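S.K.: Please work from the sequences and hints to get the whole structure.
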Amino acid sequence: MVVHTDVICPFCGSLCDDIEVNVEMNKIVGIKNGCAISRSKFMNYDVERITYSTVEGKKVQYREAVEVAAKILVEAKRPIIYGLSKTENDAIRNAVYLAELIGGAIDNTTSVCHGSSILAMQHVGSATTTLGEVKNRADIIIFWGANPVEAHPRHLIRYSGMPKGMYNPNGRKDRYIVVVDVRETKSAKIADQFIRVEPNTDFEVLQALRAAVRGEAIHGEMIGGVSVNVIRALAEKMKGARVGCLFYGLGLNQSEGKHMNIDAMYSLVSEMNLHTKFAVNPMRGCYNVTGANMVTAWQTGYPFAVDMSRGYPRYNPGEYTAVDLLARKEADAALVMGSDPAATFPIDAVRHLAKIPVVTLERKRTPTAMLSKVVIPVATSGIECDGTAYRMDVVPLKLRKVVDPPKGVYPDAKVLEDIIERVKTLKEGVE
Amino acid sequence: MTGKIEVNLLTGRSLDQAVGLEIGKASKEYFNSVSCVELSKADVDTLKLEKDTTVEISTSHGRVILSWRVSEGLSPGSAFVAYGPWINQILGSETNCTGTPQYKGVKAIVKPANGEHVLTLLDLVKALKEAP
Amino acid sequence: MSDIIVKGGYVYDPLNGIDGEKADILISGGKVIEKLKGRGGKVVDASGMVVMPGGVDIHSHIAGSKVNTGRMLRPEDHRKDVVPRGKITRSGVGYSCPSTFVTGYRYAQMGYTSVMEPAMPPIGAKHVHEELNDTPMLDMAAFPLFGNNLFTLKYVKQGDMEMLKAFVLWLLRATKGYAIKIVNPGGVENWKWGRNVGGLDDIVENYEVTPRQIITSLAKANEELGLPHTIHLHCNNLGVPGNYKTTIETMDAVKDIKPKKGRKTTIHVVHVQFNALDGENWGNVRSGASQIAKYVNVHDHVSIDLGQVIFTDTTTMTGDGPWQFRLWNLSGNKWVNKDMEMEAGAGIVPYTFRKENPANSIQWAIGLELALEVYDPWRVYLTTDHPNGGPFIFYPKVIAWLMSRKARNETMLEVNKACMKRSTLIDCYREYTFKEIATVTRAATAKALGMAHKGHLGPGADGDVSVYDINPRSWRPSMHKELEKAFTLAKYTIKGGELVVKDGEVLATPQGSTYWVDAKAPNEDELVKDLEADFQKYITINFRNYPVDDAYLPHGIPVKLEVKN
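Going line by line, the protein sequences match chains A, B and C. In this text, residue positions in the first sequence follow my numbering: the first is 1, and each later residue adds one. In this text, residue positions in the second sequence follow my numbering: the first is 1, and each later residue adds one. In this text, residue positions in the third sequence follow my numbering: the first is 1, and each later residue adds one.
It cannot be assumed that every hint is accurate.
[To be verified] Cross-link-like lysine-lysine pairs, in silico, BS3-like; alpha carbons within 25 angstroms at most:
(1) 414(A) - 255(C)
(2) 27(A) - 129(B)
(3) 355(A) - 126(B)
(4) 41(B) - 71(A)
(5) 373(A) - 126(B)
(6) 28(B) - 186(A)
(7) 71(A) - 87(C)
(8) 164(A) - 154(C)
(9) 129(B) - 59(A)
(10) 129(B) - 77(A)
(11) 157(C) - 164(A)
(12) 189(A) - 41(B)
(13) 329(A) - 28(B)
(14) 71(A) - 373(A)
(15) 427(A) - 537(C)
(16) 51(B) - 58(A)
(17) 329(A) - 41(B)
(18) 537(C) - 173(A)
(19) 186(A) - 41(B)
(20) 186(A) - 107(B)
(21) 107(B) - 355(A)
(22) 239(A) - 334(C)
(23) 264(C) - 164(A)
(24) 87(C) - 164(A)
(25) 373(A) - 107(B)
(26) 537(C) - 32(A)
(27) 77(A) - 87(C)
(28) 87(C) - 424(A)
[To be verified] Which residues of chain B face chain A? A partial, calculated answer using Cβ under 8 angstroms:
(29) 27
(30) 28
(31) 32
(32) 89
(33) 96
(34) 115
(35) 119
(36) 121
Treat the hints as calculated values from the structure; they're not laboratory data. Quantities reported herein were computed from a predicted structural model and do not represent experimental measurements. Think of the CB as a built atom: it goes at the ideal place given N, C-alpha and C, for glycine as much as any other residue.
M.R.: Written as structure tokens, this is what we have:
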């Protein structure tokens with residue numbers, strides 16, 4: 001048996017890098033240190049796998065699938081490439097290149113998750129920090145609209161709640177944890193203070209908090225179901241922090257107000273820096289959605305919602321984002337990788353996805369794969385192939401390969417390379 | 001006579017949903033985690049829901065049948081369903097030019113489903129393929 | 001690759017003492033050679049034109065976390081400068097936060113062939129190298145940040161020079177970095193508590209060391225190890241009127257350190273313009289450039305680069321967290337702060353340098369004063385601290401200002417009169433020669449970096465050559481617009497012996513090499529034990545996952561160092 005240590009878990013944005021994976025005869029037989037989700041990913045990596053390419057549900061050779069895929073993309077008038085979050089950086093680089101070649105739109109799962117965070121950042125900036133700084137220095141931790149116990153299970157253990165740090169020698173005891181949410185989650189149960197807000201009122205509550213921090217008057221006794229006294233007390237607590245960190249999740253991005261909620265939060269945290277050291281951090285869901293933003297941004301200038309149809313990158317969330325392109329029935333072909341939009345998008349968008357030719361690069365049977373014209377199996381990044389992924393705080397880590405992929409199954413990066421080659425040849429024939 | 005209630009619907013990540021999706025979207029574990037709505041005890045009582053029955057949850061965009069269970073952390077008038085293709089049946093794709101649909105804080109109606117079954121993943125996919 | 005003969009141009013090769021003589025440059029196998037062996041070879045007709053070694057930019061923020069965050073922050077910057085894809089070129093965006101492909105193309109189009117990324121946060125080193133790998137046509141290197149690193153502070157506090165030296169070599173190797181970069185030493189660590197340092201002898205909290213100790217320890221380590229470049233330092237008190245005093249104090253602090261054999265300098269102070277302010281506040285700020293130039297002129301252990309201001313909308317981005325916070329307060333523009341894991345920090349704030357703004361006009365004058373009042377072109381280099389002072393695409397404008405008093409005066413008349421009254425620029429009559437320009441943009445920078453194959457056209461040099469369509473014999477300083485035009489788009493750029501740009505058009509996009517220092521101290525095992533223990537406690541990634549492995553540098557050139565006991 002081979003024991004691989006310091007393995008990075010390819011599930012959520014925590015990107016825990018202390019996983020121990022036991023491999024026997026090219027199969028994972030056990031893991032240590034992972035959370036329940038990590039365990040599920042590693043121990044089930046070979047379950048429900050797609051092991052051969054298909055075109056319209058029929059088994060075909062890999063080369064033929066690549067050919068049909070390339071044809072679909074070249075012949076489309078408005079192709080879109082979507083996903084990118086559950087794969088490694090070389091694959092994403094190829095995806096951006098492919099989008100440029102076919103003059104398509106390229107978007108990633110940011111657009112339905114933390115896209116609003118980026119919009120807010122582009123308006124007002126943001127004061128952030130890496131997780132090690134939080135571990136070592138922060139004594140006030142706030143989770144707002146985030147449920148780490150279920151979505152980032154080891155976040156509290158490794159970074160934000162329990163660990164001893166240079167200036168937090170007593171671990172949990174040195175920290176005051178607040179959870180703000182519309183319901184009492186499992187995370188709320190471990191907090192020192194739980195504040196329940198009414199759904200869709202985060203914007204008002206955050207603005208009230210900003211007013212309290214500034215010492216301004218707040219009109220009314222309750223804001224968003226929260227007593228103004230509680231808001232004032234929280235403001236004082238925050239101002240008294242040695243170092244504070246506010247982690248937030250999709251509770252803000254996906255409810256009414258969207259980027260304005262985060263605008264309010266980022267503004268609050270920036271203003272907090274006039275009083276004491278404070279930072280804000282988005283709880284990124286997928287293990288490499290940050291990488292998708294990074295690669296897309298350094299190659300095109302923009303982190304998501306990019307359009308290449310004029311030969312140069314253009315950016316417009318709402319116009320070039322996947323849900324919009326599908327719901328408005330503009331996209332006439334799609335390549336999906338590192339995501340499962342048929343499971344994650346609202347019904348109107350999925351209905352259109354079902355109507356257009358879709359090429360899916362996938363590991364397992366998913367609703368998207370079931371709806372796709374072409375399905376090409378791919379290796380699991382971080383288990384069956386290596387590559388780079390970026391943690392939620394933009395720290396890059398090198399994913400490991402601990403087992404070989406199934407025979408005839410390649411990494412996303414290689415499949416895209418092969419599609420790119422065919423696309424180039426087809427285009428040269430046309431031009 | 002069973003009534004209906006209006007709820008503020010929240011969709012989001014759950015541990016079971018994450019564990020299930022890593023087994024596979026076609027797995028029983030995934031199905032169980034994302035085709036179930038969590039309600040407060042008070043709302044369950046209001047609706048007079050019986051054990052092992054199903055509920056219909058609907059918005060202007062559509063309706064879907066789900067199983068149900070009680071969650072202590074929810075206040076009356078709130079419902080939680082884990083992200084997935086079941087609850088997405090009733091969510092709208094309007095993004096207000098941000099790219100992000102509203103997945104949380106959506107007004108929905110919940111009522112007993114009178115014996116209708118929860119559709120399987122294959123049912124959902126079939127419906128999509130066969131839609132005009 | 002065929003041989004190349006760059007024929008009949010006026011060659012400026014200051015390192016080899018060539019000052020505008022007509023000569024042919026022969027290139028074979030990627031290198032400059034004395035005699036071509038066979039016949040044939042491509043002839044690049046440079047008659048009537050200026051020929052220089054390819055440009056070597058010693059300080060330009062082109063890759064990594066804060067650069068990319070700058071890109072994400074500024075879609076409005078990108079929209080004004082879109083770059084469509086070409087037959088062999090990728091699309092992208094330009095201006096102050098250019099995308100990586102465009103960065104490579106634009107530098108090459110200006111005749112630059114080497115660029116140094118001056119601020120690499122060690123935990124983000126992989127990110128820097130990923131971006132460098134998508135930056136074509138340039139040889140590059142990156143400088144890891146040392147000045148606020150928990151291990152630097154620990155060993156400086158302990159006064160343990162042997163461990164500090166071992167750490168320097170270890171970190172350079174782990175990050176595949178090239179030189180010691182120091183930004184606001186001590187200040188960025190204090191900024192982790194929301195505070196800063198106010199001078200060289202201020203205290204770094206919890207460590208009880210001073211910026212002076214950090215700087216002198218690292219400078220000493222640098223010279224004792226014999227690293228190819230000196231320490232690369234961004235001073236304390238950047239952007240604070242009156243800070244010229246801190247800058248001179250900083251330079252003075254290392255004057256008694258023995259430089260490594262073969263050089264006289266022990267410190268390179270970066271973008272001095274931002275640190276050359278006299279006055280008490282932004283209301284009465286004046287230029288402190290003359291004081292600094294006076295010091296530099298009589299102390300040959302110092303080299304500086306300008307950080308020249310360009311009047312445009314640009315993006316400031318530095319590792320100086322507290323300075324960027326201050327700029328947010330001054331300007332009200334959106335502000336991003338990014339503290340990095342016990343080792344560094346960064347901040348980004350868009351900023352517009354306006355002609356009618358008296359402080360900006362003085363800042364503009366300061367950069368030029370420094371260049372004109374420091375006599376030794378081997379110790380003052382042309383930079384804009386891209387993109388802080390302005391985008392690198394404006395270098396030709398700076399060249400024009402340096403070579404033509406008329407160009408300076410024209411601009412001076414357009415800007416706020418404060419620069420005439422509160423700087424000495426109006427009294428600067430000096431005009432740079434082509435040789436001096438070649439010195440401050442390639443020969444001197446290559447020498448300062450210790451890159452023996454760069455910045456010159458002697459036999460054995462890398463085949464990096466730029467040809468500019470301007471006749472030095474007939475050119476007069478009054479023709480500054482023509483000069484600027486000629487340097488904006490090179491007539492020819494040759495990189496590694498391959499013609500890559502002609503008439504400003506990109507002909508080939510070879511990937512360049514990334515230089516890094518590869519050395520190990522004899523006590524490294526002892527160091528590693530110490531590092532591993534602290535990693536467990538304080539860093540959130542495992543020790544084994546921290547270093548950059550070879551796969552990130554497909555074109556890496558390790559520079560080996562002999563480390564004596």
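S.K.: Tell me the hint numbers this structure goes against, listed in increasing order.
M.R.: 1, 2, 4, 13, 15, 16, 17, 21, 23, 24, 25, 30, 31, 34, 35
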